[in-house]
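> Make a model of the complete structure from these sequences and hints.
Chains as they are written, first to last, in the numbering used here: chain U, 1 to 343; chain Y, 1 to 618.
Check the hints yourself; a few may be wrong.
As a list, the in silico EDC-like pairs of lysine to aspartate or glutamate whose alpha-carbon atoms are at most 20 Å apart [unchecked claim]:
#1 Lys322/U <-> Asp288/Y
#2 Lys402/Y <-> Asp288/Y
#3 Lys288/U <-> Asp156/U
#4 Lys595/Y <-> Glu517/Y
#5 Lys12/U <-> Asp182/U
#6 Lys223/U <-> Asp182/U
#7 Lys157/Y <-> Asp205/Y
#8 Lys326/U <-> Asp426/Y
#9 Lys460/Y <-> Glu66/U
#10 Lys220/U <-> Glu243/U
#11 Lys107/Y <-> Glu609/Y
#12 Lys326/U <-> Glu428/Y
#13 Lys234/U <-> Asp211/U
#14 Lys599/Y <-> Glu589/Y
#15 Lys33/U <-> Glu66/U
#16 Lys460/Y <-> Asp45/U
#17 Lys460/Y <-> Asp269/U
#18 Lys240/U <-> Glu219/U
#19 Lys99/Y <-> Glu145/Y
#20 Lys326/U <-> Asp288/Y
#21 Lys99/Y <-> Glu154/Y
Source of the hints: derived by calculation from the structure; they are not laboratory data.
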Amino acid sequence: MNIQTPSGLSPKDYATDQEVRWCPGCGDYAILKAVQKAMADIGADPANTVFVSGIGCAARFPYYMETYGFHTIHGRAPSFATGIKLANPDLDVWVVGGDGDGLSIGGNHTLHAVRRNVDISYLLFNNEIYGLTKGQYSPTSRPGTRSPSTPHGSLDSPVDALSFALGVNARFVARGIDRRQDHLPGLLARAHAHKGCSFVEIIQNCIVYNDGVFEHFTEKEVKADMQLEAEHGKPLLFGKDREKGLRMNRHTLELEVVTLGDDGVREEDIIVHDETNRTIGGALARLKPPDFPVAIGVLYCSPAEQSYEQAVLSQNRAIADKAPTKGDMNALLHRGATWEVAA
Amino acid sequence: MEGGSVLLDESGNELESAVVRFAGDSGDGMQLTGTQFTQATAMARNDLATFPDFPAEIRAPAGTTFGVSAFQIHFGSRTIRTSGDAVDVLVAMNPAALKTNLADLRKGGLIIVDTGAFTARNLSKAGFAANPLEDGSLEGYRKLEVDMTRMTVEAVKPFGLGNKDAQRCKNMWALGLVDWLFGRDRTINEDWLKQKFASKPDIADANIAALNAGHAFGETADMAREFRAFVVPPADIAPGTYRALTGGEGVAMGLVAGARLAGLPLLFTGYPITPASALLHLLAPLKDYGVTTFQAEDEIAAVCAAIGGSYAGALGVTSSSGPGIALKTEAIGLAVATELPLVIVNSQRGGPSTGLPTKTEQSDLYQAVYGRNADSPLAVVACHSPGDAYFAAIEACRLAVKYMTPVMFLTDGYIANAAEPWPIPDFEDHEPFPVAFRTDPDGYQVYARDPETLARDWVKPGTPGLLHRIGGIEKHHLTGDISYDADNHQKMTDNRRNKILGIARDIPDQAVDQGQEGGKVAVVGWGSTHGPIGRAVSNMRARGHDVSHIHIRHIWPMPRNLGDLLNSYETVVVPEMNTGQLATVLRAEFLIDAKPVNKVNGKPFRIVEIEEALEAWL
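Here it is as structure tokens:
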């Protein structure tokens, strides 16, 4: 159940008494703050909320949330969350993990939790590096990333988190940025309101091992030109004066950046964001600097009628209601052919 | 001796027991044929035990030796403890079946063959240079050669089946003949066929016609006296209501019963693996019993979902076989550290690695007791037969919820697939062990323990006032906060160990199955060797030897009296279907010079093998 009534709690009511053990300046602090604000905004009931995590810096998250929390093992948080939802679908379950946790060791579980559409909010903190193990390149690191395990530069092609999620039929994908406190809490509230698996990539700066790797689109001076805030029903415009926009090139079927007024480009030429449109969502997810801005916001949202665990429970109930044995244990023990042995 | 039928005796037609094996191509329906003969035999009030032996390949190329599927049943008028050492009657539906099963046939035993399948092509596929029915190589056996293929096709002609469908009825023809051979009432087989093919009455009628034709052939054919019908009188069986029970069914119902007795819904999670998948299939339909099943994306996800289920207040159970259990190991360690209930069912198979998926072995005892990183103790319970599996599974559930611990439940491919008649218990007779979730916030600490069981409180998320965080990082022994403190880790390690060892106070003292405390030789077993050890010991005791049988259910922790009990014998012999795992644990725990007797050929011990081994110490 994602519908909450405001609880009258403030963001700090969602903070535990535990000492936060991230490096000073880590992007995780900002995300924690945004999550606590989102919890207060939506009035989440702490007793009914569970944060589940795997292993990594991000996975320490549950210790800092004054809710129920389960810090599990590397990569498997979605599987624990699935079991929790099957046992008690009324719990409000959040999964938190990093790019190594969710896309490398746990890629399989991320895939299946997403495509099953378990009703969880999955927050993937993407810093493009392994932090807790001291800086090895990760599955989202750009080619050429120099790290202790790739001293001459990494060679393999990275995974794009949101394209991956869309590829396995995610019904809610969104992207936020740790530094965007004005934007992130609202995005998290949207993810929470979605029935089914909501998959949120949060761009997060690792100040120790990968500092500045996102600054070409997160720094103050560039962000207006390099971030595109997608909003449902609004044209995909960006730039300091919202003078640039995205247009579909009818010949290549690719998005292109155009400037209003140039070559007769008018606002009507700009694509209006439709978050129920998977093609637009996919195209936005793939946009990469320097030729394109990074798209943030809800890129795709198209809820299914039922989430996975709701479907399981309704099937269980329907079959159980029709079962002649009605849960009678002795009827189970006597199932099949029986015979009497007389004294 | 068990398995020693008097089928060879020319003087009468009454047998104390007999062993029949149906063998054919994996597409010949031998498992169904065997199961149906078992039903008819149970109705005739014989005691019985069965054992299927099928290939790992689903549809191996027809006619090949590696595609042979067999089903063995041992039945009699006295207690039957195993599926039989040697075969009295071998039904061979093709040359490959004859080739692969002949070695197990008793000298002088009866071979029933379908000559219609002994074609040049099939003979060559089975690797016979000449037809064994003609070249004298079956000298010393009795042969009943029938063209079952042709006679089946004739019998089902009125139903207008194509030749292929008609030939598929020949297993029922063979069943009819064997039903006749042992005086079985085939009504139960007919009823089953009608039910199975309810939507295809033509197929049902054709199969029934084949069944009847096989039976009629036995009754009317002019055969030599040695092919007469036999009588196996009813066994002296305790009164009650019975059903046939496989080990898979025993475990499945025991888990459902265990969850019910704990007052919890059951979340059963698995990933397909032979021979454990049957449990998932058996539990999936039981929705009115509060069972939710989850086929996960892999073994790891399965165990994690089960732990998640327990965390949220269900009884989480996961199931696999050795290789899958290996994959689950890290998560089991988390359940040890977070002290959550979890039952892990291991249907052991031959290994290492993929090994022999469809063959039996009991070589995961080390894995169960010791097979995790660090000091990660948990309880281990092993069942020894299909019927025992039901009660042992209940016990595993009881320990898991009472002690907030993972419990490894060991069964094996033999128990899983073997079947026996089972006196159905009354569920109302079972002692409930209802779980009391903590709801009182006053003074709650995550790792505060019950002084008697040392278990921590079970708190369901959703409970107001009890918010807390758990996880795999070492935690403070009371508050549950992260703690890297050296003394605290020592204390938590001790707590985890002492909690599990304390279970020994809550399990029955080790009993002696046969014989008495003290004496010359104790034969100590666990798991599915119960039958052959039991019969070997009873045979040897009947011959006047001082031999006792002890069978261990609680593998970890072990019963408190076990050390003293074992020390009361001059010699302790431990037969196992591994290279000596229980023997090593007994040596380590009790400094006893346990003598291992080992076998790992994918097949259960034969009684005679255990008897021969015991001779050395008598």
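> Which of the numbered hints above does this structure break?
Structure breaks hints 2, 13, 14, 17, 21.
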